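Enquirer: Chain by chain, the residues:
2 protein chains.
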Amino acid sequence: MKKRVFMFGIHNHQPVGNFDHIFKETFNNGYLPFINILERYPEIRISLHYSGPLMEWIEKEDVGYFDKIRRMVERGQVEILSGGFYEPLLSILPEEDSIGQIRMMTGFIRERFNYDPKGIWLAERVWTPDLSRIINLSGMKYTVLDDTHFFYAGLNHKDMFGYYITEKEGYPIAIFPIDKFLRYSIPFKHPQETIEYIKKSVADYNFDGITYADDGEKFGIWPGTYKWVYEEGWLEDFFRTIKENLYWIEMLTFSEYLEKYPPSGRIYLPMASYEEMMEWALPAHVGVRYEEALKELENKGMRERLKPFIRGGLWDNFLSKYPESNQMHKKMLYVSKKARNLPNLFPRVTNNEDRTEYYKPDPLLVELYKGQCNCAYWHGLFGGIYLNHLRHAVYKHLIKAENLIDKRYCKDKDWIMMEKIDIDADNHNEILISGGEINAYIDPDYGGSFFEIDYRPKCFNLSNTLTRREEPYHRKIKLPNGDTHTNETISQPPSIHDIIKKKEKGMEDMLSYDWYLRRSFLDHFLGEGTTLQDFMICSYPEKGDFIRNRYEIVEDETIKGDGREIRVILRRLGQIHENGVYREIEVSKGFSFPQKGAIINSIYRIKNRSPEELQLWFGVEFNLTLLSGDDSQRYYFIPGIELKEERLNKSGEAIELKEFGMKDEYNKFQISLSFEEPTAIWYFPVETLSQSESGFQRTYQGSVILSHWKIGLKREGMKEISIKLEIKEI
Amino acid sequence: MKKRVFMFGIHNHQPVGNFDHIFKETFNNGYLPFINILERYPEIRISLHYSGPLMEWIEKEDVGYFDKIRRMVERGQVEILSGGFYEPLLSILPEEDSIGQIRMMTGFIRERFNYDPKGIWLAERVWTPDLSRIINLSGMKYTVLDDTHFFYAGLNHKDMFGYYITEKEGYPIAIFPIDKFLRYSIPFKHPQETIEYIKKSVADYNFDGITYADDGEKFGIWPGTYKWVYEEGWLEDFFRTIKENLYWIEMLTFSEYLEKYPPSGRIYLPMASYEEMMEWALPAHVGVRYEEALKELENKGMRERLKPFIRGGLWDNFLSKYPESNQMHKKMLYVSKKARNLPNLFPRVTNNEDRTEYYKPDPLLVELYKGQCNCAYWHGLFGGIYLNHLRHAVYKHLIKAENLIDKRYCKDKDWIMMEKIDIDADNHNEILISGGEINAYIDPDYGGSFFEIDYRPKCFNLSNTLTRREEPYHRKIKLPNGDTHTNETISQPPSIHDIIKKKEKGMEDMLSYDWYLRRSFLDHFLGEGTTLQDFMICSYPEKGDFIRNRYEIVEDETIKGDGREIRVILRRLGQIHENGVYREIEVSKGFSFPQKGAIINSIYRIKNRSPEELQLWFGVEFNLTLLSGDDSQRYYFIPGIELKEERLNKSGEAIELKEFGMKDEYNKFQISLSFEEPTAIWYFPVETLSQSESGFQRTYQGSVILSHWKIGLKREGMKEISIKLEIKEI
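Each protein sequence line maps, in turn, to chains A and B. Counting from 0, one number per residue, gives the positions in the first sequence under numbering that gives the first Met the number 0. Counting from 0, one number per residue, gives the positions in the second sequence under numbering that gives the first Met the number 0.
Just to be clear, a hint being listed does not mean it is correct.
Stated by the list, open to error - Where chain A lies over chain B, by a calculated footprint (3+ residues, C-beta under 8 Å):
#1 127 to 133
#2 315 to 321
#3 419 to 433
To be verified - In silico contact screen, one side only, chain B against chain A (beta carbon under 10 Å); selected entries:
#4 Pro171
#5 Ser184
#6 Ala271
#7 Lys329
#8 Asp444
Everything labelled a hint here was simulated from the structure, so no lab data went into it. Because the structure is a prediction, the values reported are computed rather than measured. We put the beta carbon where it would ideally sit given N, CA and C, even for glycine.
Next up, chain A with everything else stripped away, as it sits in the complex:
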């Protein structure tokens, strides 16, 4: 009897910047028990992938773990997959970084496991046809992708076996289609069901090889699975059941299969990922329509037939859906380009010679690569971009890389410079101020706002906030608790996709959405009667048009001759709208950046350009984050008074202040705003509500500080306001 090959692949990953306690928990509940059981079943051949952040953590915490795997590699039980070291989406990296990250992991695996990997795990299975060339040039021969991708290329279920050859520009690789049934049955159904399915597939399609590959977190880490997989013995059962069937099933690693069997054909896959990801990537309201469309097709019995032709969005849409993701991504590209421009960067990846040689990238590249970890750049079932500590980790490593790059140019601490480039790729230039202690990026086209303020000594982006947006799942908050979870009578753990839990009560109250990006130096004209509460929930009359519109650049120059200070002046002739009448108002704001310290000096001039006298309520909004809303080490302060009780998730108002700020005792720095003439202050947290694997999650994204003044302006009258923002160590 001809044996049929069953390939079994596991991908384990924790993101850069994840909390240590989560690493620990996932290791003990998932990665460790899995390997301990696997060790006792030498017949079970398996292909394993660990992302770099996880490998680095394990390496540090439990040396014995990898020794165990190394022995399994040596006895031919396990093959290790390479991949981008810090689990980046290869499709959104510069080619050189993709190849560098894969070579870094290949080198690591060779050193640690004495094994030359032959294929890669593709983070989030985000495929773009170019990857064929990049993977090939990295010295790798294959990857694995969901069968979804293959359906989109016009194949049928009967074709979802073995592997296919694809290529870009003549550089081929092999791709194994992952069987969807197996992706849902392992470990969620009884082992025998998986065996029966494989048996039936042999009968129906007479295949040579079938592939399973999925996240290792399904084995003990996803809710409910620890009990099921280990305590109730699913994994042992599964391995035993396979062992009993080895008279007709053959277990091979991917590379063994590749050696032994010819390809099933030539194929060109569209840009795609797994089905759910393509739904998440759609704009919120389109996501809802997509879900409805799928349901309708399901109900009419058309879904299966139309499967090859139905699909959602591209991963890249996240860059449009979340401008904060785009900002982070473009900062990453900016740093990457800066790195590649260095004359003596080691090693440079420019060709495919010696591509499997041991490769240890320059420390500044390692920081850049860490900043490319995918998780913070998007949002689906897990928190992703909503998790501020993950975004912070990205910025931290990117700023660290930048610091290292600037050091190569022998820059000392006290320097400041200006660039005008289109960093965010919107076809318009932004103004980038970079210095020894500060980066400050200004977007003239979006209200002349600051979208990045970095305190470089601490590698901290204080503007790393997030705007509150509608998400399709917010609709579910209105359902009675637990309603959507219908699987409870079944003994198997529910698939994670079915769980909707609420973590806190009263979350409906939090569902206010912002109409603008939460940046700094945003210029408001408030309508009369607006309260702090109104402003918090974006339910107030904004009289001006200065928030999202274009400011002209009046002046930008390096002054004081010796380049010790930079000055930028922006101006907008805008309108105030009141009772159906439009009045012209000019706002100009001049910024200066001294070369010493992390300081932004600003001078506002508000001019009445209308023929009438005007009563204005002018406010300048800052959005700054110290990451934690509820931590005794991070709080507001007024000079001389440390409001230790006033943690960053509190809201409040104050009057007649000449200084107001936020202190971070944990990271040992503070940020303060000082005003030449006293101001009223509103402050409150921006918190988001997002889904995660275990329900809804409330996250502190940053603090709004609004300094505001009531101003009477005669015709052609002018009001000047000075604000100084300073960040310093404490």
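Got chain A sorted already, so can you dock chain B onto it with the hints?
Expert: Chain B only, in chain A's frame:
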């Protein structure tokens, strides 16, 4: 009243290698009268694109034409679009060639029209996200794409106005969505309907700008349109109607709009083209299912709602659907790489400095670029890959480029060399023999067959044949004549998509499909009783397994010490199947290639490896083309006898021949097969049936020559057969 912008773009193209009479016809019926009328309406602002092959032809034939356009450019009426010079699909070129082709056209336009183009026409609107980077690096700012692409990104009809910003790796460009209604109403509906549509769209969506852009061939060249557009005055009507509405419509070129208006948003488009193209790219049977699915959705009233989520295949699938396209594409990549490896190629495109400077590429690059013209690489509504003269043009220019490259290396005429590389990107190496007069490419994995035989002095690929395949529209041949054309009572010309005409009677007879690729040195074992007719329609018993399976390479070397000859020996131990019994047969074939001339010497050895005596009917198949099946200058010959009446679309049989060949008096060369011992010969044409703009088309793709012998082989018996293939000038 605020004016609304109407942008009007026209793309004119004829492929490299098209017949001169077609250039003439299309020029006189379309390109010329259009411009003559446009000249009289200076109020009609327009963006024009001409592909390079067309510009070169016009330049040569009618100098006054471009002078006219230059004057319109100078008076600001016309802007000229750049693009890949020879209308390549940028998505399938090496980046350097894409940038080179765009810069070549930009240089040409600057010289000819004294105008710096700002955007490009994208051939066949085949979009892939990388193009953003490539177009930007070519110094261009925008392109136009079908609204289809935008729907796929989750936008709605209300969003299909103005332009969007997209980017890859931080390199942005603008993209204008082409309105689908306009694409169908111009010039097919009365002008007033277009005006009403725009008016209604203003009311519904309050847009700033709306885009029309489409093929210029719709104006006089597509069937029925000359009468409608010019004789019946549609175009004059249209321009006049717009003129009358200029009190609320403003006509701007794309680049003018770009200057004046902000973008409608940021967007990431999937790989896509217009809807029809994505259907054609699907495998034939999937194409049928796709059509049915669309119909079903239409009938159930779901199509419009599901539009964003429904799509067909990628252009790249053509490379899988038509292996001949892949072969041509990979030959092109091979030549391109060879060119880029040249040390002193001028100019080299490696960065984006001086990107708009006048750029005149090296003559060998011009030949390469000509070989990249897209039309022959795929098939949809027009003949495309089915048109042998277009495929021939591609090969001709690629071989010409190769000849020029080899000349740079100072190679003389008498040389021969061998490479083993994976030219077709199937993950296995092929054997490439290249010499002063011949290229011969062998695929050990596909029956040890020859898939390219070039006669280099004439830049002629004699293996440029095509396999007969099922196409979805073949089903329609069974319909009664004219049945599908229901538009005849309407005065407007039917849209080209609705026309199904038959060009010849009895076409059903031609619908036989091949089960293997039509290559040379294919080894058959025929079943008893097979007739020429059976063999022609692929309805005969093939006893062996030598056609599509793997031959091992036994030997490959350069012999005779001084490199004057190359020898390759292939061997397969295969099976003969008869009456349920399998017998082992070994076929080995040794080839030698002398450095002088265009000669392939072959020696076959067929060995009986079974324990019984065997009666075999062995045949070696050649597929060679001289492009024209019905031409008095191309015919078969037997030494001493010129079978002038035996044109290449004839079939026949002969016995006891020692030589048989095909003569091309037009191109002045012949190809002959000589046999050491007399052979029987079958010969017949391979003809395909494909759709074109004016109905079905029968095309001669090449001639099959099968030399065959009946052989009795004792146990361990062996038969040796020698065949020499020689090409020479006459």
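Enquirer: Check the structure against each numbered hint from earlier and tell me which ones fail, lowest number first.
Expert: 5
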